[in-house]
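Number of protein chains: 2
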Amino acid sequence: MTRLENARRGIITEEMEECARLESVSPETIREGVASGRIVITRNTQRQHARPLGIGLGLSTKTNANIGTSQDHCDPKEEWEKMEVALAAGADTIMDLSTGGDIDGIRRDILARCPVPVGTVPIYQAAVEAADKKGKPLVEMSTEDIFEGIQRHVEDGVDFITVHCGITRDSLQRLQEHPRIMGMVSRGGSFTAAWMKHQGKENPLFEHFDRLLEIARSRDVTLSLGDGLRPGAVADATDRGQIQELIQLGELTQRAWKAGVQVMIEGPGHVPLNQIWTNIQIQKQLCHQAPFYVLGPLVTDIAPGYDHITSAIGGAIAAWAGADYLCYVTPSEHLGLPTVQEVREGVIAAKIAAHAADIAKGVPGALERDMEMSRKRAALDWEGQFAAALDPEHARSIRNERRPQENDVCTMCGRYCAIKTIRETYL
Amino acid sequence: MTRLENARRGIITEEMEECARLESVSPETIREGVASGRIVITRNTQRQHARPLGIGLGLSTKTNANIGTSQDHCDPKEEWEKMEVALAAGADTIMDLSTGGDIDGIRRDILARCPVPVGTVPIYQAAVEAADKKGKPLVEMSTEDIFEGIQRHVEDGVDFITVHCGITRDSLQRLQEHPRIMGMVSRGGSFTAAWMKHQGKENPLFEHFDRLLEIARSRDVTLSLGDGLRPGAVADATDRGQIQELIQLGELTQRAWKAGVQVMIEGPGHVPLNQIWTNIQIQKQLCHQAPFYVLGPLVTDIAPGYDHITSAIGGAIAAWAGADYLCYVTPSEHLGLPTVQEVREGVIAAKIAAHAADIAKGVPGALERDMEMSRKRAALDWEGQFAAALDPEHARSIRNERRPQENDVCTMCGRYCAIKTIRETYL
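As you go down the protein sequences, you meet chains A and B in turn. Here numbering that gives the first Met the number 0 is used: the first residue of the first sequence is 0, the next is one more, and so on. Here numbering that gives the first Met the number 0 is used: the first residue of the second sequence is 0, the next is one more, and so on.
If you are wondering where the hints come from, they were derived from the structure by calculation, not from laboratory data. It is possible that part of the hints are untrue.
What the hints assert, rightly or not - Result set (PhoX-like, lysine-lysine): computed pairs, CA atoms no more than 25 Å apart in a straight line:
no., chain 1, residue 1, chain 2, residue 2
1, B, 132, B, 200
2, B, 419, A, 200
3, B, 419, A, 135
4, B, 283, B, 375
5, B, 419, A, 196
6, A, 200, A, 135
7, B, 375, B, 419
8, A, 419, B, 196
9, B, 200, A, 419
10, A, 283, A, 360
11, A, 196, A, 133
12, A, 283, A, 257
13, A, 375, A, 419
14, B, 133, A, 419
15, A, 132, B, 419
16, B, 419, A, 133
17, B, 76, B, 135
18, B, 283, B, 257
19, A, 132, A, 76
20, A, 132, A, 196
21, A, 419, B, 135
22, A, 419, B, 132
23, B, 76, B, 132
24, B, 196, B, 133
25, A, 200, A, 133
26, B, 133, B, 200
27, B, 200, B, 135
28, B, 419, B, 360
Same shape as in the complex, but just chain A (with noise of 0.2 Å):
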């Protein structure tokens, strides 16, 4: 049995338990969560090792950290530090996007080690693997190299994957009537729709759903359903294509449920302001509350090297308004492979928007978190800011490099602190 089928029948499992402790909810919590699918606790049976996360409704908010090689930057070496540069920083899980060099190798060193769940899209490593093994275009590879890719990730523990089901005849079709300036960015929607389009047939994905079903179940491996038709420019944002895909997505929850196959949504992407509570409204309501991972949302498209930011904005407002879990973006986004450095910025950029957002969810144990180093600050205690801190050895860093005359201040202010001021006359 799944955890899925689990959970409906009432059993409340180690992992169960482990995600409410780790949550401070009650198991029953999370088991209803994981019964009803707005909550999915994503583990490869295999990876026993690792922690079980919770990632759904009433718990806090996760982030997701990409590393991995491609064609262009392959040292595996440098990805390995990312990821411990990642996980120091808080990222909740790590998705391996490698796109270079020995693929399965780099998969497989991180998932013997990687303490947190690990995510992959197995779609890349079939498309390079046609191109550079087979000599063939990616446009060539067969539906068997498609599903037989996913069958390696998932026998190799991987704990979800991304699997781009709703790029469909339907939705390209609701895309090519209403173009967009940016078409479509999504690496592996790219893929399936230019494969479509080369085969003349339908996404092997869609097509044979029931066929990754099992794949699938067979290591109770959530499904995170890609956003292929995710705007890549705020002027692109909730048009007729995106909203077609995420139809069909919610349709493909619901077969997945039944089947006891655990699933995310994934979504956008480039979306202005105003329009994020909506995004996040339509995609619970037509996926049926299933948790929504969110890449991004970038709120402007002007601010390339600075897209951590843009991201932390649009990502706090997403997951305040229900999504559930964060992927960072890192300043180097649109530009290149992020670097070690660029890394540790997009984790904290993101868990900033996410801690934040579970502040204004009023997720159990957030805002104590605030009222704690508030305290501190209260009390000019410095040590105390520090180890309250998202990052103390930052924050130390900048006190230490300008310090002030008077020991219980900073510079900023000096001896007319605010804090001080009050402390000497009014208390």
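Please arrange chain B on chain A, whose structure you already have, making use of the hints.
Quick look at chain B alone, frame taken from chain A:
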């Protein structure tokens, strides 16, 4: 006649025309906005060489950068460099908050050369001079010291001044009845409260508000009514003290308007995501739609070192909800006086927030900038993307550090670029 009086009489001044040109709105829109108090034009009559700036309803969201020496870090050349960097990054105004060294000299230098509006908080200097020059604690400065300081700033040409008129016996009583974690974090507010407590008197800027109006009127200077009770912790937000002060600022706004003096209202502070809309709406309502100038809001307390990001999240939502003017926050907020590089990062983060909100508010021309960027992105036109970027140099440097094998893509996806895949197969 002040510009408020001119506007009321139906007169469109040259300044109004210039503001209208800069904003792509009609001069009549500006005149109406100024007449109703919903728009302010900030320029001291002495500073005809500075750009007049419209701030308020229907106009693009403006950003401010604070610079200025402190007693612990006093290097006027560095502050000068910060001003240059802030202007280059797109700050619309500069506030000189100097409290160290030759404060008059620093301010006069800035006023002589700064092409955009300059604001100050005169009570800082009055307090520092009382303490340093006259050898008495700041709480012993006289009412004359305070007004003389304000007069000096206005005569020197300052375009707008922050005055903490809402720190009154009434609002302080509310604060004491309903204690906070962080108490008072406004520097000017803390000086005023300490002074009142020590002297046993009402706030002179409240008690003698008409005298303040006369001074402001003499050079058509805009009053920025400070929020001495802004919350300094998310748990302290939107409490009785804060709203009591706002009620009083609304009353003072009407008195200022009656005297022909323009007014903005300053706002919080640290505010959880889900209270930002409410904060903006209550300000607009209680202060009769006067422009709102917010410091943040910071949506969490736990991210010292990254408060440009916590502030960009809050600022974007605030501006979308109707705030007109965002004060930047730098990464060193709560830790020390910012470096030149941190000033730059702070301005960029505030510009991102302001622009994201302008898209959401439908400010003319805002979305068009994003569409221009996205068209270049869709064309894989890298020079075009840099030209359309908020910070072209930074974007260029990230891309140039890691060159792809194929010139038209980037190292994130290399030849598996989604845009390229679609172009090659679909177009």
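Hint-by-hint comparison with the structure:
no.	hint	verdict
1	B:132 <-> B:200	24 Å, holds
2	B:419 <-> A:200	21 Å, holds
3	B:419 <-> A:135	17 Å, holds
4	B:283 <-> B:375	39 Å, violated
5	B:419 <-> A:196	15 Å, holds
6	A:200 <-> A:135	18 Å, holds
7	B:375 <-> B:419	13 Å, holds
8	A:419 <-> B:196	15 Å, holds
9	B:200 <-> A:419	21 Å, holds
10	A:283 <-> A:360	16 Å, holds
11	A:196 <-> A:133	20 Å, holds
12	A:283 <-> A:257	18 Å, holds
13	A:375 <-> A:419	13 Å, holds
14	B:133 <-> A:419	21 Å, holds
15	A:132 <-> B:419	21 Å, holds
16	B:419 <-> A:133	21 Å, holds
17	B:76 <-> B:135	29 Å, violated
18	B:283 <-> B:257	18 Å, holds
19	A:132 <-> A:76	23 Å, holds
20	A:132 <-> A:196	22 Å, holds
21	A:419 <-> B:135	17 Å, holds
22	A:419 <-> B:132	21 Å, holds
23	B:76 <-> B:132	23 Å, holds
24	B:196 <-> B:133	20 Å, holds
25	A:200 <-> A:133	21 Å, holds
26	B:133 <-> B:200	21 Å, holds
27	B:200 <-> B:135	18 Å, holds
28	B:419 <-> B:360	33 Å, violated
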